[in-house]
Every structure is written in structure tokens, then in C-alpha cells.
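Trainee: Chain by chain, the residues run as shown.
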Amino acid sequence: MIDKRVETISDAVAGIADGAVILSSGFGDAGAPIELLEAIAKTNVSNLTIVSNNAGEGDYGLAALMKTGKVSRIICSYPISAGSIVFQGLYNTGKIQLEVVPQGTLSERMRAAGAGIGAFFTPTSANTKLGEGKESRIINDKEYVLEYPLKGDIALILAKQADRLGNVIYDKSARNFSPIMAMAATNTIVQVEEIVALGDMDPELIMTPGIFVDRVFVHTL
Amino acid sequence: MTEVLQRHSLTRRQVAWRIAQEIKEGSYVNLGIGSPELVANYIPEGREIFFHSENGILGMGPAPEPGQEDGNLINAGKKPVTLLPGGSYFNHTDSFAMIRGGHIDICVLGAYQVAQNGDLANWATLDTTKPPGVGGAMDLAVGAKQIFVMMDHCTKGGESKLMRTCTYPQTGYGVVKTIFTDLAVIDVTDQGFVAREIAKGLSLADIQAKTNAPLTLSDNYVILEPPELN
Numbered sequence: 001m002i003d004k005r006v007e008t009i010s011d012a013v014a015g016i017a018d019g020a021v022i023l024s025s026g027f028g029d030a031g032a033p034i035e036l037l038e039a040i041a042k043t044n045v046s047n048l049t050i051v052s053n054n055a056g057e058g059d060y061g062l063a064a065l066m067k068t069g070k071v072s073r074i075i076c077s078y079p080i081s082a083g084s085i086v087f088q089g090l091y092n093t094g095k096i097q098l099e100v101v102p103q104g105t106l107s108e109r110m111r112a113a114g115a116g117i118g119a120f121f122t123p124t125s126a127n128t129k130l131g132e133g134k135e136s137r138i139i140n141d142k143e144y145v146l147e148y149p150l151k152g153d154i155a156l157i158l159a160k161q162a163d164r165l166g167n168v169i170y171d172k173s174a175r176n177f178s179p180i181m182a183m184a185a186t187n188t189i190v191q192v193e194e195i196v197a198l199g200d201m202d203p204e205l206i207m208t209p210g211i212f213v214d215r216v217f218v219h220t221l
Numbered sequence: 001m002t003e004v005l006q007r008h009s010l011t012r013r014q015v016a017w018r019i020a021q022e023i024k025e026g027s028y029v030n031l032g033i034g035s036p037e038l039v040a041n042y043i044p045e046g047r048e049i050f051f052h053s054e055n056g057i058l059g060m061g062p063a064p065e066p067g068q069e070d071g072n073l074i075n076a077g078k079k080p081v082t083l084l085p086g087g088s089y090f091n092h093t094d095s096f097a098m099i100r101g102g103h104i105d106i107c108v109l110g111a112y113q114v115a116q117n118g119d120l121a122n123w124a125t126l127d128t129t130k131p132p133g134v135g136g137a138m139d140l141a142v143g144a145k146q147i148f149v150m151m152d153h154c155t156k157g158g159e160s161k162l163m164r165t166c167t168y169p170q171t172g173y174g175v176v177k178t179i180f181t182d183l184a185v186i187d188v189t190d191q192g193f194v195a196r197e198i199a200k201g202l203s204l205a206d207i208q209a210k211t212n213a214p215l216t217l218s219d220n221y222v223i224l225e226p227p228e229l230n
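Line by line, the protein sequences are chains L and W.
The numbers in the first sequence follow our numbering, run straight up by one, and end at 221.
The numbers in the second sequence follow our numbering, run straight up by one, and end at 230.
Treat the hints with care, since some could be wrong.
What the hints assert, rightly or not - A few chain W residues that don't get close to chain L, going by computed Cβ distances all over 10 Å:
1. P44
2. P85
3. T167
4. G192
5. A213
As the list claims (entries may be wrong) - Quick list of in silico lysine-lysine cross-link-like pairs, DSSO-like style, CA-CA up to 30 Å:
6. W:K130 <-> L:K151
7. W:K130 <-> L:K67
8. W:K24 <-> L:K172
9. L:K70 <-> W:K130
10. L:K95 <-> W:K78
11. W:K177 <-> L:K142
12. L:K129 <-> W:K156
13. W:K78 <-> L:K70
14. L:K67 <-> W:K78
15. L:K142 <-> W:K24
16. L:K151 <-> W:K78
17. L:K70 <-> L:K151
18. L:K129 <-> W:K177
19. W:K78 <-> L:K160
20. W:K145 <-> W:K79
21. L:K129 <-> W:K145
22. L:K160 <-> W:K79
23. W:K78 <-> L:K172
24. L:K134 <-> W:K177
25. W:K78 <-> L:K129
26. L:K134 <-> W:K130
27. W:K79 <-> L:K67
28. W:K145 <-> L:K134
29. L:K95 <-> W:K130
30. L:K129 <-> W:K130
31. W:K24 <-> W:K79
32. W:K145 <-> L:K172
33. L:K172 <-> W:K79
34. L:K142 <-> W:K145
35. L:K42 <-> W:K78
Claimed, not checked - With the Cβ distance kept under 7 Å, some of the chain W side facing chain L (calculated, not the full set):
36. N72
37. L73
38. N91
39. H92
40. T93
If you're looking for bench data, these hints aren't it; they were derived computationally from the structure.
Glycine included, C-beta positions come from ideal geometry on N, C-alpha and C.
Starting from the given sequences, assemble the full structure and let the hints guide the process.
Mentor: And the structure:
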């Protein structure tokens, strides 16, 4: 019997290697896997790369993980939210590397990784500072830059419901990056509020099919 | 700003009102973070407009009643919103396919500078000591069918934000269609900046004096006179 559920949160985040690339879901706090991130903060892992839309807020979740010094690099679209104090401190003291990627390109690069696309051309960032040094091509009189897939070793996902196969449903705009990140990582770890029995989810409405999911951890609020 | 300009300039709300009048029935619209969000408040009664939010919402409604906020239902500025009947949620690549694939009719953005050929600078300043952050600005700039810019005509220091060429890092090239400022409505055309509406009490010369590129007056120009709004 396939059962992707894990008992404890430390089982959920076990085995993450030093230097791992971690895709972390969420747009601001909506969809952010706060407990999984804080569980990683308690492990001995180091030199992580985080891929996330933002750079954490306050001192919880992603910010708590960054505060431990385990994150050496972050790839995101918007790290300058008012509450991103931990990130800003690390950035100002040169303790974290930052790669800023336009939000749509960030999402599409992960989709490409999940879908086996070798690279793609997009007009976003052509001729701008963020397009500097990138291969470009004129297609139908418009300039495009070449972007490569962004693959994760780990994806950390927050969802509303899952079953033991890892079929997943999200809540409202907390869906955001989760379905894409779930596809784009070797090992996808989902934190859910609720487990339901097989067949209880309407198959027409499953948002991430279990094939993209490796571990399911139930965190009841 | 001179006293005459200050006296006749529009408030932010009045600029938002003016932009709202420009949005046609049935449009799919993305409003940038900050002042452009005000536009939603002034859509004329009976006009059905769909607001898109980059984080995966179509049919976004106004802020909820106090106590009804839901942390999983937020806008691009991460503030609580609501969903209108017929609205939908979707993932980030679908959301950015709407933006990058040319499905959004109008995007209203703030800006640091706009050049006379429609170049847009709205994502970074010249201060390199601070970390950069782009969000969805570059995707919106190249992807939306029409880019409207909502901005003050001048900086707080009185410098024009309408330029021959942008001095700030650019977000997109030749993308801005119309600029709505506190002084005028200005189209970006092959002939450069053309004022099609100017605030009541101001002359073309008054506005030209605050515009860092040639400005012409449309033959069909009208006086811009929004209602008083509080």
C-alpha cells in the first residue's frame, strides 16, 4: 500500500543534504510552509539555497531558517517587503547571496524544470539589468532572453487537504507557487491541515496529483 | 511645484477616478501595488470589470469587512481582499500566462519615470546599497495589452518624471500607452508626449514647464475636471 504520510515533522524534513536547493511555496504568508521551514532550522544542514517569491517576514518560517545561517543563497522576485528584516540584515552584512528573478520567469523556470523543458525564451527582462549577460534572440521583431529551468532537490508545500497518495487541494490564493514547485523538485514535502480518505476528494478538483508528492505531514492548527 | 500648479493639481483619488472612467466594460485589469489600487473604487456603476491579482485571483473584490479577513485570500500587496461571484483561483504559471500571454487588457502601474517613447522605469532606483526587488513588474510591462501609468507629474523635489530617456533602471521598453498624472492625461505617441486632457486652470505651458521632454497638445484636448472626492 502506498502511504506517503510521515508521523512527525522531523521525519518530514529528514535527509535534506548540505547544499540542497529548496523550493519554498507561498506568496507572503499565504501558502508558506512555516512549520516545515522551522523544522529544517532545527537540523544540522548547511549551505542551503532557497527559492521563494519573498524573503521571509518577521522572525518565523523562512526568516527563522535564514536566521540560523543555514541559507547561503536565495532566489526570489521580491525580497524587499517591509517585514523582511532578517533577510535585509544578512544581505547588508554579505552573509547571503541574492538572485532576483522576475516573478513570471521564476514560476516558468520551475514549470520548465517540472515539465522537462530544456530552456525557453521570454521577452520579460530583455534589455534590462536583470537580462544582462543572458543569451537573447529576436523572434518576430521582438527581443527575448533565454531562461533555464530551475530545479529543486526539495519542495516544501503548504496545502489544505491531502490523501495518503499525496493528491492535494489548496485553499484560495494560498495555491500560488505550490503546484509548480511540487512538480519541479526531486523530493516534494507537503504540509497539510487535513488528511482525507481515498476517494473523498473530487477527482475533478485535485490540484496536484500524488505523482508529484513524496511526503505528507499533517499539521493541525 | 509652483503655487498655480499645486492649486489646480488633482488628488490621487481624482487621478484614480479618471483612470477608472477609461476602463471599458468587460475588461480584465491588473492594478499595481499602491496608488493604482484606488482605481477599483471608482469604476462607474453597472460596468463589469474583472480584476486580476498576480498571486492567482481573477474576480478580486474589495477589502473584507473587519473580522472577515482571510490570510489565504490576499492581493499582490499582501492585503486581505474578497472574491466576487464568478471569480477564480489558479496557480502562478496560469496567473503569469494571463499576464505574459497578453490576456490582461489593461495594467495600471506606478512609475519612477516614463520616457517619451514609452519606456518605463518602476522597479529600481539608483541606490545600489539596497537589495533589488522586481516582483511581477517586468512581466506586466511586456505582457499586458495596454499599460497605463498612474503617477505624480513630478517628484517631491519638483523634478519631472516624464523624460526624454529614463535615467532609472528600465522595466520595459516602449510599453506605456497613457500616463495619468495630477496635471494631465498624456498619451505616448510616435510623436512623443501628447496631452489630451489638462487639469482645469492650467495651460500647456504650465505643464510643459514641468515635463522633461517636448509636450504637444492634442487638437481634441479637453479640460480635465474630476468631481471632488474624499
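Trainee: Confirm or reject each hint.
Mentor: Quick rundown of the hints versus the structure:
1. P44: holds, 27 Å
2. P85: Its Cβ never comes within 10 Å of chain L, the nearest being 15 Å, so this holds.
3. T167: Per Cβ check, T167 of chain W is outside 10 Å of chain L; nearest 13 Å; holds.
4. G192: The claim stands: G192 of chain W keeps its Cβ more than 10 Å from every Cβ of chain L (closest is about 21 Å).
5. A213: At about 20 Å from chain L, A213 of chain W clears the 10 Å cut-off, so the statement holds.
6. W:K130 <-> L:K151: holds, 28 Å
7. W:K130 <-> L:K67: holds, 19 Å
8. W:K24 <-> L:K172: Distance of about 28 Å is within 30 Å: holds.
9. L:K70 <-> W:K130: Within the cut-off at roughly 22 Å; holds.
10. L:K95 <-> W:K78: This hinted pair holds, its Cα atoms lying about 27 Å apart.
11. W:K177 <-> L:K142: Distance ~18 Å between K177 of chain W and K142 of chain L Cα, so the pair holds.
12. L:K129 <-> W:K156: Distance of about 26 Å is within 30 Å: holds.
13. W:K78 <-> L:K70: holds, 27 Å
14. L:K67 <-> W:K78: Distance ~23 Å between K67 of chain L and K78 of chain W Cα, so the pair holds.
15. L:K142 <-> W:K24: Holds, at about 28 Å.
16. L:K151 <-> W:K78: holds, 26 Å
17. L:K70 <-> L:K151: holds, 19 Å
18. L:K129 <-> W:K177: holds, 23 Å
19. W:K78 <-> L:K160: Roughly 19 Å between the alpha carbons, so the hint for K78 of chain W and K160 of chain L holds.
20. W:K145 <-> W:K79: holds, 26 Å
21. L:K129 <-> W:K145: holds, 23 Å
22. L:K160 <-> W:K79: holds, 21 Å
23. W:K78 <-> L:K172: holds, 13 Å
24. L:K134 <-> W:K177: Roughly 28 Å between the alpha carbons, so the hint for K134 of chain L and K177 of chain W holds.
25. W:K78 <-> L:K129: holds, 26 Å
26. L:K134 <-> W:K130: holds, 23 Å
27. W:K79 <-> L:K67: Roughly 26 Å between the alpha carbons, so the hint for K79 of chain W and K67 of chain L holds.
28. W:K145 <-> L:K134: The hint holds at about 25 Å.
29. L:K95 <-> W:K130: holds, 14 Å
30. L:K129 <-> W:K130: Measuring from Cα to Cα gives roughly 15 Å; hence the hint holds.
31. W:K24 <-> W:K79: holds, 26 Å
32. W:K145 <-> L:K172: holds, 27 Å
33. L:K172 <-> W:K79: holds, 14 Å
34. L:K142 <-> W:K145: It holds: about 15 Å lies between the C-alpha atoms, which stays within 30 Å.
35. L:K42 <-> W:K78: holds, 28 Å
36. N72: Holds. Min distance 4 Å.
37. L73: holds, 5 Å
38. N91: Check passed: Cβ of N91 of chain W comes within 4 Å of chain L, closer than 7 Å.
39. H92: For H92 of chain W, the interface hint holds, since the closest Cβ of chain L sits about 4 Å away, which is under 7 Å.
40. T93: holds, 5 Å
The structure meets every hint from the earlier list without exception.
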